[in-house]
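Student: Each chain, written out:
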Amino acid sequence: MPGHDHDLDHSHGSELSPIEARVRALESLLIEKGYVDPAALDALIERYEHQVGPHNGARVVARAWVDPAFRERLLADGTPAITELGIGGRGGEHMVVVENTPETHNLVVCTLCSCYPWPVLGLPPVWYKAPPYRARAVIDPRGVLADFGVTLPEGTRITIWDSTAETRFMVLPMRPEGTETLDEATLATLVTRDSMIGTGLPQAPR
Amino acid sequence: MSGLEAPRPFAEPWEAQIFALVVALQDAGLFSPGEWADALGAAIRPADAPERPADYAQWLAALETILGTRRIADGALIDGRRDAFLRAAHATPHGQPILLENDPGSGGER
Chain A
1 MPGHDHDLDH SHGSELSPIE ARVRALESLL IEKGYVDPAA LDALIERYEH
51 QVGPHNGARV VARAWVDPAF RERLLADGTP AITELGIGGR GGEHMVVVEN
101 TPETHNLVVC TLCSCYPWPV LGLPPVWYKA PPYRARAVID PRGVLADFGV
151 TLPEGTRITI WDSTAETRFM VLPMRPEGTE TLDEATLATL VTRDSMIGTG
201 LPQAPR
Chain B
1 MSGLEAPRPF AEPWEAQIFA LVVALQDAGL FSPGEWADAL GAAIRPADAP
51 ERPADYAQWL AALETILGTR RIADGALIDG RRDAFLRAAH ATPHGQPILL
101 ENDPGSGGER
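Line order of the protein sequences matches chains A and B.
Note that the first sequence covers residues 1 to 206 in full-length UniProt numbering.
Note that the second sequence covers residues 1 to 110 in full-length UniProt numbering.
Note that these hints are calculated values from the structure, not bench results.
On a predicted model such as this, the values are computed, not experimentally measured, just so you know.
Some chain B residues judged to face chain A by a derived CB distance under 7 Å, without partners named: (1) Pro33; (2) Ile78; (3) Phe85.
Between beta-carbon pairs, the in silico distance windows are: (4) B:Ala11 x A:Glu166: 24 to 32 Å; (5) B:Asp74 x A:Glu72: 47 to 55 Å; (6) B:Leu99 x A:Thr181: 57 to 65 Å; (7) B:Ala28 x A:Glu49: 17 to 25 Å; (8) A:Thr156 x B:Gln96: 56 to 64 Å; (9) B:Gly95 x A:Thr181: 53 to 61 Å; (10) A:Pro205 x B:Ala28: 40 to 48 Å; (11) B:Glu101 x A:Ala40: 17 to 25 Å; (12) B:Gln96 x A:Ile19: 18 to 26 Å.
Note that the Cβ used here is the ideal one computed from N, Cα and C, for glycine as well.
Required output: the full structure, derived from the provided sequences and hints.
Tutor: Shown next, in the form of structure tokens:
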């Protein structure tokens, strides 16, 4: 470059990391070739940054806790029941909801990559996508739960559900004791993201 | 405090960008969720290295593989455009948007 002015080059120019530049390159090429629309990209980012998240799943769980008929529909066929609450979309086309009971605790993993029920839980946390969780959830679920601070009664069986691109699982946790008088909206605030993956339990009422 | 306060879904803007590209291309029918999971699953299991996290860097790698296989964009084309963005960034005052049209061109390099 003519006139190698280091001060100008480095203090006043902008920086893109190699990966930032590569993603921008892909984006601009795909827009140029007409495969994607910039407005659609912005809308997707807005949706997943601000609208989709575990608050959706919490509404599903709270409804199932207060409405036995809904719970039955949810466990029989997850997707249409979840759609009743206006929740759906990519990553939730075939939802299977598995219920925790005193006998059985359910734990969800994706051993292939990071399949996750986006419409109800948002995008997966970093640990869900990491090799240790993918591997250990299957071979040592009790150890994984201990890492998350969850200890189950000895007699409780743990069932592992391996999410795929086609089928995404969500856990219906047990309703905490002492919540008989709480309304649906308050119950939803007790539901944690991890309790719907199976690595946590709902919060106790205050 | 609610247990629903998940961390922000994207640590950096480029993660959101690659995520949106992949979902938009699936929405457009370019590849199916199953094809995507297979591509991502392959990207995180390199033959010569331990299994990797299925993070957004691997999303980028998996998408590049699919685009190459489909002959939509090969590595050389992407490299060329990446270099153009790096030059454009270099020529853009700090704080200004980095636009491809600000690329002074590879001819400007010596």
